[in-house]
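Colleague: Residue strings, one per chain:
2 protein chains.
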Amino acid sequence: MQKGIDTELFLYIKKYKLILPGEQILLAFSGGGDSLYLLYLLKELQKHIAFSLEAMHVHHGIRGEKAERDLQFSENKAKEWGIPFTSVRVDVPAFSSENGLGLEEAGRILRYEALEKRRAEWEAKTGVLTKIALAQHMDDQAETVIHNLLRGSGISGLSGMKREEGHRIRPLLSIRKQDIIGRLHVLSLQYMEDESNEDLQFTRNYIRNSLIPAMEKVNTRAVQHLSKEAELMNELELYLEKKAADFLQCFGTEEEGKIAISISNLKEEPAFLRREIYRMAVRRLQGEIRDLSGSHLYALDSLIFAGSGKRTELPKGYIGEIRNKVLYLRKRDGKVLDL
Amino acid sequence: MQKGIDTELFLYIKKYKLILPGEQILLAFSGGGDSLYLLYLLKELQKHIAFSLEAMHVHHGIRGEKAERDLQFSENKAKEWGIPFTSVRVDVPAFSSENGLGLEEAGRILRYEALEKRRAEWEAKTGVLTKIALAQHMDDQAETVIHNLLRGSGISGLSGMKREEGHRIRPLLSIRKQDIIGRLHVLSLQYMEDESNEDLQFTRNYIRNSLIPAMEKVNTRAVQHLSKEAELMNELELYLEKKAADFLQCFGTEEEGKIAISISNLKEEPAFLRREIYRMAVRRLQGEIRDLSGSHLYALDSLIFAGSGKRTELPKGYIGEIRNKVLYLRKRDGKVLDL
Chain A
1 MQKGIDTELF
11 LYIKKYKLIL
21 PGEQILLAFS
31 GGGDSLYLLY
41 LLKELQKHIA
51 FSLEAMHVHH
61 GIRGEKAERD
71 LQFSENKAKE
81 WGIPFTSVRV
91 DVPAFSSENG
101 LGLEEAGRIL
111 RYEALEKRRA
121 EWEAKTGVLT
131 KIALAQHMDD
141 QAETVIHNLL
151 RGSGISGLSG
161 MKREEGHRIR
171 PLLSIRKQDI
181 IGRLHVLSLQ
191 YMEDESNEDL
201 QFTRNYIRNS
211 LIPAMEKVNT
221 RAVQHLSKEA
231 ELMNELELYL
241 EKKAADFLQC
251 FGTEEEGKIA
261 ISISNLKEEP
271 AFLRREIYRM
281 AVRRLQGEIR
291 DLSGSHLYAL
301 DSLIFAGSGK
311 RTELPKGYIG
321 EIRNKVLYLR
331 KRDGKVLDL
Chain B
1 MQKGIDTELF
11 LYIKKYKLIL
21 PGEQILLAFS
31 GGGDSLYLLY
41 LLKELQKHIA
51 FSLEAMHVHH
61 GIRGEKAERD
71 LQFSENKAKE
81 WGIPFTSVRV
91 DVPAFSSENG
101 LGLEEAGRIL
111 RYEALEKRRA
121 EWEAKTGVLT
131 KIALAQHMDD
141 QAETVIHNLL
151 RGSGISGLSG
161 MKREEGHRIR
171 PLLSIRKQDI
181 IGRLHVLSLQ
191 YMEDESNEDL
201 QFTRNYIRNS
211 LIPAMEKVNT
221 RAVQHLSKEA
231 ELMNELELYL
241 EKKAADFLQC
251 FGTEEEGKIA
261 ISISNLKEEP
271 AFLRREIYRM
281 AVRRLQGEIR
291 DLSGSHLYAL
301 DSLIFAGSGK
311 RTELPKGYIG
321 EIRNKVLYLR
331 KRDGKVLDL
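The listed protein sequences derive, respectively, from chains A and B.
First residue of the first sequence: 1, per full-length UniProt numbering; consecutive thereafter.
First residue of the second sequence: 1, per full-length UniProt numbering; consecutive thereafter.
Pulled out of the complex, with its shape left as it was, chain A reads as follows (with noise of 0.2 Å):
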């Protein structure tokens, strides 16, 4: 592998503005070969573009010995390379077991929760744009867009990974993990191995080492047309969006937190886009989506073409309901608002 992919992703980076002059990157630093090569990048990349750089490692509590070398090893490459180094030990077996959790989920969890703690602090402290950055590439797209497509989650599912969420970057989405070993081996970098392999639950191992590689017998390119797809799939996202957004200026009226929508109007957009507008009319009440399932969706949009009175629940203490053919989102003892 030669250096042609460190030059594409610094203009990959560079197109999609994923790191400007005087932003904060904060770096996933697990110590596997995709953070490694990614820490690597941006130290590369910190000769071209003023950035400040800090790797994080999570200690995650579990794999005794063999985590206690990750951190090891993490701490030393960071400051054999001059970068800034924290790291934080969380809880993930108790955590897990606390909340009914698999070790997976528990664990990429208290992952992001400490990320965004140490981003938030960071930024407080200096007042600087403060970004994460996460080293998924292409094979993890692709396992992300299958993973969907089979549990039926739709557009948003089939998007899969953001290039850029929020505060989060992911750089290294365009590219292929046997790119990134490549690029490791020819620059002799020596990393952790991913122990996770074997301990994480059995969908996403079995996606990654069965049906992909069954998938790219039937077409060679199969995980980059996965990581298309998914692009297109995102770009629609934020088309429906901006359609959904015009919407509910157009026919939507917002006051101390409910919103009325106009039914006539609604029932003249295609489900899809109905089931997107109620996202975004509860994510404007409530801040964030979080709680909100497809079922809410699907209830909210069944009760337009219910008759007046009906109501359905909705996450933290809202409801929906339907008076004088409008569509009313409020909390569950609020007043209703005219439209």
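Each hint should be verified, as a subset may be incorrect.
Because identical chains cannot be distinguished in the list, a pair is counted as satisfied if it fits within a single copy or across any two copies.
Below, computed lysine-lysine pairings styled on PhoX-like, alpha-carbon distance capped at 25 Å [stated by the list, open to error]: (1) Lys243 to Lys267; (2) Lys258 to Lys310; (3) Lys15 to Lys267; (4) Lys162 to Lys14; (5) Lys316 to Lys258; (6) Lys267 to Lys17; (7) Lys267 to Lys14; (8) Lys242 to Lys267; (9) Lys267 to Lys228; (10) Lys117 to Lys43; (11) Lys162 to Lys267; (12) Lys243 to Lys228; (13) Lys258 to Lys162; (14) Lys17 to Lys228; (15) Lys79 to Lys258; (16) Lys162 to Lys228; (17) Lys117 to Lys242; (18) Lys162 to Lys43.
Think of the hints as simulated: they come from the structure by calculation, not from any bench.
In this text the structure is predicted, and so the values were computed from the model without any measurement.
Chain B: place on chain A using the hints.
Modeller: Just chain B now, kept in the frame of chain A:
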């Protein structure tokens, strides 16, 4: 399997108005399980809806005795049930070698040609709307979606086969193969084994026999979910087609086989919608878009970022050309049209 699926399908056919009273339905009848069940279903449906039904068998000229046996079986079954029957012999091997096509692709083309020809004749003779009924089911749909997904064929690929597409209807798209087989068993209906499972090209069989079962290990409802994604993509496709038509209405000028589109307005739309706009413009010019490939669409799209005078070739002697911030689609030797 209960009589349930017959009723479910009656409702499905009714809901989507696939067959209306008075219409003529030409069923593609291979003698295999799927089309035998569809023949049975439509025969039963005639008790509720008054429409004409004819079964047509296309003899492929391959697999010697077995093909004769399939034809005989089909004819006998139609006779037994009192359903008008026609058959036609096509020479798939000859067509295949003359056109450098695989047997499957050649068979598909000749089969559809024969069906379309008979459909047109029947319609012309009676002056009554005539449709072709095809027996593809949900498992076929899932295979198509996966095949297209791995080829990276975008929204129209992911939308798979359509429930209704021009004169063609696919009443079985909402049910699983296993439900059809189960129902045939309960009805004690014998059918011809579809030997194409062995003869067909590698890809399709591999998807059917290896990939789909592997996907069902990840999610037991994978086939249903793929089919649902296809429906969603289909809705999306229709929505985008409408948006493209609206756009051409506002920002395109059509005259004497030429179309002119304002570039500044094109640039305000997302890339996937621009491609839909080009596709629609070419369809308006040429009546169809069979020869229009994705690379034509991408070439047209890069034109709008190029300078005046740049052009690109399109199928059937057409070109796309930029002049004075306008994109012209026209015959290569035609005059340009002012916007």
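Colleague: Taking the hints in turn, state whether each one holds.
Modeller: Cross-check of the supplied hints:
Taking the closest pair of Cα atoms, Lys243 and Lys267 come within 25 Å of each other both inside a single copy (15 Å) and across two copies (17 Å). When the C-alpha separation of Lys258 and Lys310 is checked against a cutoff of 25 Å, the pair qualifies only within one copy, where the shortest distance is 17 Å, while the shortest distance between copies is 53 Å. Proximity of Lys15 to Lys267 under the C-alpha cut-off of 25 Å is restricted to the inter-copy arrangement: shortest distance 18 Å between copies versus 40 Å within a copy. Proximity of Lys162 and Lys14 under a CA criterion of 25 Å is satisfied intra-copy only: 16 Å inside one chain copy versus 41 Å between copies.
In this assembly of identical chains, Lys316 and Lys258 lie within 25 Å of each other by CA distance solely inside one copy; the values are 14 Å within and 56 Å between copies. For a Cα distance limit of 25 Å, the shortest separation of Lys267 from Lys17 across copies, 20 Å, qualifies, whereas the shortest one inside one copy, 39 Å, does not. Within a single copy, Lys267 and Lys14 get their C-alpha atoms only as close as 42 Å, which misses the 25 Å cut-off; across copies the closest is 22 Å, which meets it. Taking the closest pair of Cα atoms, Lys242 and Lys267 come within 25 Å of each other both inside a single copy (18 Å) and across two copies (16 Å).
Proximity of Lys267 and Lys228 under a CA criterion of 25 Å is satisfied inter-copy only: 21 Å between copies versus 32 Å inside one chain copy. For the homomeric pair Lys117 and Lys43, the shortest alpha-carbon distance inside one copy (23 Å) is at most 25 Å, but the shortest distance between copies (67 Å) is not. In this assembly of identical chains, the alpha carbons of Lys162 and Lys267 lie at most 25 Å apart only when taken from different copies (23 Å versus 31 Å within one copy). When the C-alpha separation of Lys243 and Lys228 is checked against a cutoff of 25 Å, the pair qualifies both within a copy, at 23 Å, and between copies, at 23 Å.
Taking the shortest alpha-carbon separations for Lys258 and Lys162, neither the intra-copy value of 30 Å nor the inter-copy value of 40 Å comes in at or below 25 Å. When the C-alpha separation of Lys17 and Lys228 is checked against a cutoff of 25 Å, the pair qualifies only within one copy, where the shortest distance is 19 Å, while the shortest distance between copies is 36 Å. Proximity of Lys79 and Lys258 under a CA criterion of 25 Å is satisfied in neither setting, with 52 Å inside one chain copy and 66 Å between copies. Both within a single protomer and between protomers do Lys162 and Lys228 lie at most 25 Å apart by alpha-carbon distance, with minima of 12 Å and 23 Å respectively.
For the identical chains of this complex, Lys117 and Lys242 are neighbours neither inside a copy (30 Å) nor across copies (45 Å), given an alpha-carbon limit of 25 Å. When the C-alpha separation of Lys162 and Lys43 is checked against a cutoff of 25 Å, the pair qualifies only within one copy, where the shortest distance is 23 Å, while the shortest distance between copies is 51 Å.
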